[in-house]
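Using the hints provided, position chains B, C, D, E, F, G and H relative to the given structure of chain A.
Protein chains in written order, with UniProt numbering: chain A, 1 to 248; chain B, 1 to 248; chain C, 1 to 248; chain D, 1 to 248; chain E, 1 to 248; chain F, 1 to 248; chain G, 1 to 248; chain H, 1 to 248.
Check before you lean on any hint, since a few could be wrong.
Below are the BS3-like pairs computed for lysine-lysine, each with C-alpha atoms no more than 27 angstroms apart in a straight line [what the hints assert, rightly or not]:
no., chain 1, residue 1, chain 2, residue 2
1, G, K56, G, K108
2, H, K9, D, K9
3, E, K9, E, K56
4, B, K116, C, K113
5, F, K56, F, K108
6, C, K116, B, K116
7, A, K56, A, K108
8, C, K9, F, K9
9, G, K116, H, K108
10, H, K116, G, K116
11, D, K108, D, K56
12, B, K108, B, K56
13, H, K113, G, K113
14, H, K108, H, K56
15, A, K116, F, K113
16, D, K113, E, K116
17, F, K116, A, K116
18, B, K9, E, K9
19, A, K9, G, K9
20, A, K113, F, K116
21, B, K113, C, K116
22, C, K56, C, K108
Far from chain E, some chain G residues (derived; all Cβ distances over 12 angstroms) [said to hold, decoys possible]:
no., residue
23, E70
24, K113
25, S210
26, E246
Since the hints were made in silico from the structure, they are not lab data.
Glycine included, every Cβ here is placed at the ideal spot set by N, Cα and C.
Protein chains: 8
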Amino acid sequence: MEAHEVLEKVSRGEMSVGEAEAFFRREPFEDMGYAKLDTHRKLRNGAAEVVFCSGKADDHLVSIFQRLWEQNGEVFGTRASRAQYELVRQELPELTYDAVSRIMKIEKPGKKKIGKIAVCTGGTADISVAEEAAQTAEFFGNHVDRIYDVGVSGLHRLLSRLDVIQSANCVVAAAGMEGALASVIGGLVDKPVIAVPTSVGYGASLNGISALLTMINSCANGIAVVNIDNGYGAGYMASQINRLGERS
Amino acid sequence: MEAHEVLEKVSRGEMSVGEAEAFFRREPFEDMGYAKLDTHRKLRNGAAEVVFCSGKADDHLVSIFQRLWEQNGEVFGTRASRAQYELVRQELPELTYDAVSRIMKIEKPGKKKIGKIAVCTGGTADISVAEEAAQTAEFFGNHVDRIYDVGVSGLHRLLSRLDVIQSANCVVAAAGMEGALASVIGGLVDKPVIAVPTSVGYGASLNGISALLTMINSCANGIAVVNIDNGYGAGYMASQINRLGERS
Amino acid sequence: MEAHEVLEKVSRGEMSVGEAEAFFRREPFEDMGYAKLDTHRKLRNGAAEVVFCSGKADDHLVSIFQRLWEQNGEVFGTRASRAQYELVRQELPELTYDAVSRIMKIEKPGKKKIGKIAVCTGGTADISVAEEAAQTAEFFGNHVDRIYDVGVSGLHRLLSRLDVIQSANCVVAAAGMEGALASVIGGLVDKPVIAVPTSVGYGASLNGISALLTMINSCANGIAVVNIDNGYGAGYMASQINRLGERS
Amino acid sequence: MEAHEVLEKVSRGEMSVGEAEAFFRREPFEDMGYAKLDTHRKLRNGAAEVVFCSGKADDHLVSIFQRLWEQNGEVFGTRASRAQYELVRQELPELTYDAVSRIMKIEKPGKKKIGKIAVCTGGTADISVAEEAAQTAEFFGNHVDRIYDVGVSGLHRLLSRLDVIQSANCVVAAAGMEGALASVIGGLVDKPVIAVPTSVGYGASLNGISALLTMINSCANGIAVVNIDNGYGAGYMASQINRLGERS
Amino acid sequence: MEAHEVLEKVSRGEMSVGEAEAFFRREPFEDMGYAKLDTHRKLRNGAAEVVFCSGKADDHLVSIFQRLWEQNGEVFGTRASRAQYELVRQELPELTYDAVSRIMKIEKPGKKKIGKIAVCTGGTADISVAEEAAQTAEFFGNHVDRIYDVGVSGLHRLLSRLDVIQSANCVVAAAGMEGALASVIGGLVDKPVIAVPTSVGYGASLNGISALLTMINSCANGIAVVNIDNGYGAGYMASQINRLGERS
Amino acid sequence: MEAHEVLEKVSRGEMSVGEAEAFFRREPFEDMGYAKLDTHRKLRNGAAEVVFCSGKADDHLVSIFQRLWEQNGEVFGTRASRAQYELVRQELPELTYDAVSRIMKIEKPGKKKIGKIAVCTGGTADISVAEEAAQTAEFFGNHVDRIYDVGVSGLHRLLSRLDVIQSANCVVAAAGMEGALASVIGGLVDKPVIAVPTSVGYGASLNGISALLTMINSCANGIAVVNIDNGYGAGYMASQINRLGERS
Amino acid sequence: MEAHEVLEKVSRGEMSVGEAEAFFRREPFEDMGYAKLDTHRKLRNGAAEVVFCSGKADDHLVSIFQRLWEQNGEVFGTRASRAQYELVRQELPELTYDAVSRIMKIEKPGKKKIGKIAVCTGGTADISVAEEAAQTAEFFGNHVDRIYDVGVSGLHRLLSRLDVIQSANCVVAAAGMEGALASVIGGLVDKPVIAVPTSVGYGASLNGISALLTMINSCANGIAVVNIDNGYGAGYMASQINRLGERS
Amino acid sequence: MEAHEVLEKVSRGEMSVGEAEAFFRREPFEDMGYAKLDTHRKLRNGAAEVVFCSGKADDHLVSIFQRLWEQNGEVFGTRASRAQYELVRQELPELTYDAVSRIMKIEKPGKKKIGKIAVCTGGTADISVAEEAAQTAEFFGNHVDRIYDVGVSGLHRLLSRLDVIQSANCVVAAAGMEGALASVIGGLVDKPVIAVPTSVGYGASLNGISALLTMINSCANGIAVVNIDNGYGAGYMASQINRLGERS
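Next up, chain A with everything else stripped away, as it sits in the complex (with noise of 0.2 angstroms):
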């Protein structure tokens, strides 16, 4: 450690007071014992590890994805179109791609999968935002139960899966519309509820605002809300709270 270093230095007199004051005023970050706080943003904020594809330009995006490869054995990216995956497939033969989340990736084999988190959507048309919460949840280690389709129109879809969804450590329920669904869920469990708003709907659905005022406003108790269509800050937000309740 240099910070550590540098003291040794300033001990053995190998270093002025003077030289040792810049070193500090100059790096109070990095060098200060903050390997940790670099350690877990690899895990964490995703600049390391997670790329947001979309908007990235082509050279940028290879270039990133070929970096993270070598320096990690594995790859992961959110919202990547399909030509962003021929792009960078090119060069990283072993990417896949999933039309659905649009992730694209590569993955160490046989990772382990602890805990349970259950990914919950109101319709169909969520689970293009359901999966991102799920494969990022599954990339980072946790088990996902997948329960689709259990809008509150249709109550009782939900409450035949119900014991799946009591089970699991952590709930995400993702729905458009008029996003009641994690209110419901929310009445039914005894765990957290990450809420995601879809911009599924129309008219004064307003592209996903009515939805997450519903969310916010939600009256059942253990319920907090990510962004429109954030299926990722979803699925990190779930493994981290999975993980805290499968360690020891």
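This is chains B, C, D, E, F, G and H only, laid out in the frame that chain A set:
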């Protein structure tokens, strides 16, 4: 009928063509066979019978109540304050007041009630709006069942009353916060559901706008929405529907 | 009925109490006498019979249409593009398509239509939404009268068709821009009015939000509102109301 | 005229070119032939004559009223509370106050009124705003006809007064809730309609925003809109239009 | 006049009272002395003469243009694409098209123009909307002065044209972005100002909503506002006002 | 368990199959082995244990507190006014009140607290909401660290407490105005962050909507959002997560 | 400086490397040469010197004022009520209060003022906000010129003061209603303009949101915007700019 | 100067007083010593020098670029497409184009750059807007430091560049999504910060409105905001401030 009389007079030469033209130009509606229109207005738009008390000047309020009582033998006012009730009661001692619904009225005794309307609420705070709906429907001669505090965060409460709700001709669903009640009911009954968003909630409930959006975007069928806190409007429309179902 | 059978078996000692408990816990709904629920779902929420085509994957769409046609002998889809029609027609040559309403369907011949629903529009640009409502209602067995282009800026057009509108059990009023049509009709009839805001307009019409607000704030009675451009929803609810009025 | 005098002095050698340049640079407007501007400002923007009383400090209000009365022999204030009236009347005993319009004024007697402006309202709750418009127009010398409580939910009330409305040079239409009155009137007259949304309503009326949007999106021609509750602005503009129609 | 004839016939015994009643009930408007209404509708609401081309089906557009041309000897359409022009010109070779205003028309030659309307814009990007206003006003027989690109960020441009603006009977002010032009002009003239917010701008301009709010809140007097980009509506109302000022 | 008893009775021939069917149809939930549901509801959705005091009628509030205290030996209410406290204390002298969090409660002594939740605020004005979260979490048996007034405009305050924050299982971040605290914390920890927008601010803070939008759009991972000022909801969900992390 | 001392001690062997590491990890900021940060915070973010009084608890407010006065010999608070002033004056008799700006302060005498800031308002109702800006700037040592009530509806008022405005280093423009003042000034000066929307207005002014949008969309250059009614923020930033222009 | 000449002529009797009056009335501005105004407009509002290319007609764009190049020897255009560049380059072969900032220009060589402006972005997607700001500032003769991708979710990136940011006269902070960058920077520097919300984001980012609200509500001091994506406006204002700091 006046139009008929005018034409009779023209036919008998008792009125000139010019006088008749002036008559038709001046009174195109009232005298044109629209007596029906006048008659149904009484029932329909409340100008004659239902008084929106809030904001009315004291003397106006008293004289309107007196005139309506004299004319119809009953009178019905919504959104009345207790002070307004005390005021009007000085002239109309038979007047009664319900502090929950804020309705004050004199009602003809022995009114026959037909059919069935189910009035549901998500929480106890929505009961004020629901009572406005229920008592309006009762005043117009409908039988009403009240199913209160059956919000989606505790689904079994709703499901245990399902038989009552399913047996109604029309359901009124009043809910604030996320307003998901209407969708869930809409998925469980095959009768029209009148959804009433209420201003219950705080923060992102936006004084009922969130619940309104939820209800308008409902993925269930057979749901239509009235204004925030508009219990009267819901009760009125439910009455129209229930009476349709009971005629013949 | 399965629940009945299970209880019979318990009564006859052919099934243990524990097995019966497991059964009731696992299948609280489908096996609990909710056949009624299942049956009315067919009519009601369209999962079985009415297909929202927009956004469906090609192969899903074809197989859904095939399955529903086989099951019911008829099939009804809304928001279909011509390309979707061409696709499905390859498998179901009897399929017909209406470019105005964007409905594609196979309908059983000789369907009896009962009662009367009046479907009105403010302008010619609202006709697409109105046809979705009208054809939905007709598919569900209701008689429909169309009264188009009777917007409030030319009131005599509306008034000259008033007798037709007043004779219906239920009125659907579709209008964009300022959406005042529903209020004016609500003041002239004593039957329920289902208001459909349309996205017709520009600038401050906010893609239908302005018309939605107008209709929700209507000072006339007996009006309730569905989502912007939701002709299907209006037609479905009008069908529920009209059939109530014609039963017995 | 000062600019004239300056130039005369330059011409006569009584003022140097430098002094004249300084003058023109310093006072480009008042001295530049903009007397006309000054004169019409008195009539137009109310800084001189019309006082927006709400929020004015007591001493400011009294001195403004005194100064204007001394200068013009009359004075006109809008949005005045009764307390403000009591205050100012101590100095100006001739001051009168109208509690409905909240206007307080001293008006020159025997003012001739020309032309005709029709001021209409949807309901009785809009009358306060309408009176502000009507009394403003009257103060500026226009003849005003009042046609109140003719909202679109009871169309025959409006139609029975149509001849009065059609004979005006300009119509002011004040309405809250859904604000449809302006569109209906716009379809029945061929004169300019000034639409005033009012804050009358509740819930989704959004304190007048809904009525504003309705009026801005009107499908009728010849309608323009002023701010919510801006009776003064409507009355002022109606005055400009009516006087145009009566000059010559 | 038909109503007159009917009454004459009743008076002469050539028509029974019952037949006359049926006539008056069926046609309360067209036959009721509202010929004036019909006549001014031609001028006013454009159903007869002004065609909103955008979104019209090709065959409808062609037949409407043909019918109007045959009936009136002229025809005027707004929001036309060049493709629509090419299409209709095949049937009506005299048709002309202006790509800036997107107006296509055949106009009677030698039309006399009266009075004066000033049409102003804040920037060059607002000219398209302004030309729709100006050419509409010219088609209806008004003289128009164009004062373009005089936005408030370069005030001297506006002030140097002030004499032209002040000499008009009515001013149309079209501006996007912050839309301050209308207020500044309203402070400089004593004639009605019709403010047209345009959708010019980006970001927080919200497609014209910001400019609309600016104009509605104007602190200047004599300003009223039409819908975003509604050049036609502004030109129409300006025409009504200008013609009022020139009658007699 | 009742369902068990019913089946036992059927098995023993003490109850007919028809009676059993009626039982299962009438009470599908409570008697269906959902005791678990009932039990966890106590913990979860607060109907049993946590009382939202604001707006409750006086007599209701007193009786709810009494019943819960008798049933559970403790009782916990949020959003209580001092007047409500004074009222209930007359019946429950042990009741305590915290004016900052507005919580009133009787808590069982010696409650063991596990794990760690960090509750942070941007400013001092957010402390009221934060205390609601912290005391809720403590009531449910969690250890809480408070890190207040560490808003992003003085970053060193936050960074100097980073070790405390990073050692928690879950972080609650409450902030008003621009609400940036959650993002900054999200970038510094690898545990779930529950973001609570507060209504602190003025002008464009829109009573917390701005902070809500900031938090929903966070570019950091592992953040989810609850309603504006919903300290209780955040504390509840943080409790669920922390307890997950400490079970085993 | 502490960091220096720590390093000196390490260098002299008086502190172990481990102890030094712990120090740097614990206090990365305050001890890291960020004294500069601390120093400029005093001037900048007002935690030290400027007190936002509104909402502060009485005892907090008094102690903050006392501590700051003792520390700095002066103290400055914004958004203070008269009651707060009376309270604090009991402890600090030298405290002065300005009811217009709602500022209470003790200011060191003989403060030198440099440069020039012009503070302008559209109307008289904006003066409260403008005075908060002006007095803030004066407290921070800037010379301020006030140019009030020069709104765009009376342009000559603004133009007659143009020389004063053009001679400032920075202009603060405070306006409510349509907020056009900033754009007009931006077009007339070549110095930065800080625009302050005020909540002055009614109806569609949306409590200042309309003025905010106007200013953000300004077509003039050199304009940036602070929060609604944020006179302090504008005065603070103007001070930063003016002092930049006067250094050297 | 013309005004001077006119006065000279009046003084010499070569021009009548009436002619001079007409001159001053007609041209109050251009001839009134506002040459300064003209001169600074060149620098300031870009009508002369900076061209907003987006939406300009091809022939207009070419002629504007040619005229400006001839007049000034340099020319600068923002929001240019590559196609526009190809077009104008045919006439001005020296024209250069930057695809990131979308700026096309001919710049005089050897321009001296003074002072320092720091331009920061939250992410890489904000660089396009930041480059518009940076290159605008450079064109106007300012030295610019770029500090990109230092968003708040990875704080150490920002802190490691703090010395560069703190040494600037003015900071431009461009960020989308939650837009928290400006607040964090505002808390770390004592110079003015121009915040530029960008439209980067999705869902509840509302095309930049969320970032705009965040920035307007900043709890840090010394921050003001320009329109969404308005890099040019930020660069222009930063230039004004930086040059103030470097004059003398």
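How the hints compare with the structure:
1. Straight-line distance between C-alpha atoms of G:K56 and G:K108 comes to about 24 angstroms, which keeps the hinted pair within the 27 angstroms bound.
2. Of the pairs offered as hints, the one joining H:K9 and D:K9 holds, with about 13 angstroms between alpha carbons and a cut-off of 27 angstroms not exceeded.
3. Restraint check for E:K9 and E:K56: not satisfied, since their Cα atoms lie roughly 44 angstroms apart, outside the 27 angstroms limit.
4. With a CA separation close to 26 angstroms, the supplied pair B:K116 and C:K113 stays within the 27 angstroms bound.
5. Between F:K56 and F:K108, the direct Cα distance comes to roughly 24 angstroms. Compliance with the 27 angstroms bound is thereby established for this hinted pair.
6. A distance of roughly 23 angstroms separates the Cα atoms of C:K116 and B:K116; the hinted pair therefore holds under the 27 angstroms criterion.
7. At roughly 24 angstroms between alpha-carbon atoms, A:K56 and A:K108 fall within 27 angstroms of each other, so this suggested pair holds.
8. Using a Cα cut-off of 27 angstroms, the hinted pair C:K9 and F:K9 holds, with the two alpha carbons roughly 13 angstroms apart.
9. For the suggested pair G:K116 and H:K108, the alpha carbons sit about 34 angstroms apart, so the restraint of at most 27 angstroms is broken.
10. Using a Cα cut-off of 27 angstroms, the hinted pair H:K116 and G:K116 holds, with the two alpha carbons roughly 23 angstroms apart.
11. Of the supplied pair hints, the one linking D:K108 and D:K56 holds, its CA atoms being roughly 24 angstroms apart against a limit of 27 angstroms.
12. Between B:K108 and B:K56 the CA atoms are separated by roughly 24 angstroms; this keeps the pair inside 27 angstroms, and the hint holds.
13. Between H:K113 and G:K113 the CA atoms are separated by roughly 30 angstroms; this puts the pair beyond 27 angstroms, and the hint is violated.
14. Between H:K108 and H:K56 the alpha-carbon distance is near 24 angstroms, which keeps this suggested pair within the 27 angstroms criterion.
15. Only pairs whose Cα atoms come within 27 angstroms are accepted, and A:K116 paired with F:K113 is accepted, the gap being roughly 26 angstroms.
16. Between D:K113 and E:K116, the direct Cα distance comes to roughly 26 angstroms. Compliance with the 27 angstroms bound is thereby established for this hinted pair.
17. For the given pair, F:K116 sits about 23 angstroms from A:K116 by alpha-carbon distance, which is consistent with the 27 angstroms threshold.
18. In summary, the hint linking B:K9 to E:K9 is supported, as the alpha carbons are separated by about 13 angstroms, within the 27 angstroms threshold.
19. Our distance criterion of 27 angstroms between C-alpha atoms is met by A:K9 and G:K9, whose separation comes to about 13 angstroms.
20. As the CA atoms of A:K113 and F:K116 are separated by approximately 26 angstroms, the hinted pair is consistent with the 27 angstroms bound.
21. Only pairs whose Cα atoms come within 27 angstroms are accepted, and B:K113 paired with C:K116 is accepted, the gap being roughly 26 angstroms.
22. For the proposed pair C:K56 and C:K108, the alpha carbon gap of about 24 angstroms is at most 27 angstroms, so the pair holds.
23. Listed as a non-interface residue, G:E70 keeps its Cβ farther than 12 angstroms from every Cβ of chain E; the least gap is roughly 45 angstroms.
24. Interface exclusion of G:K113 from chain E stands, the closest Cβ pair being 31 angstroms apart, more than 12 angstroms.
25. Interface exclusion of G:S210 from chain E breaks down, the closest Cβ pair being 4 angstroms apart, not more than 12 angstroms.
26. With a closest Cβ-Cβ approach of about 28 angstroms to chain E, G:E246 is found to remain outside the 12 angstroms limit, as its non-interface label requires.
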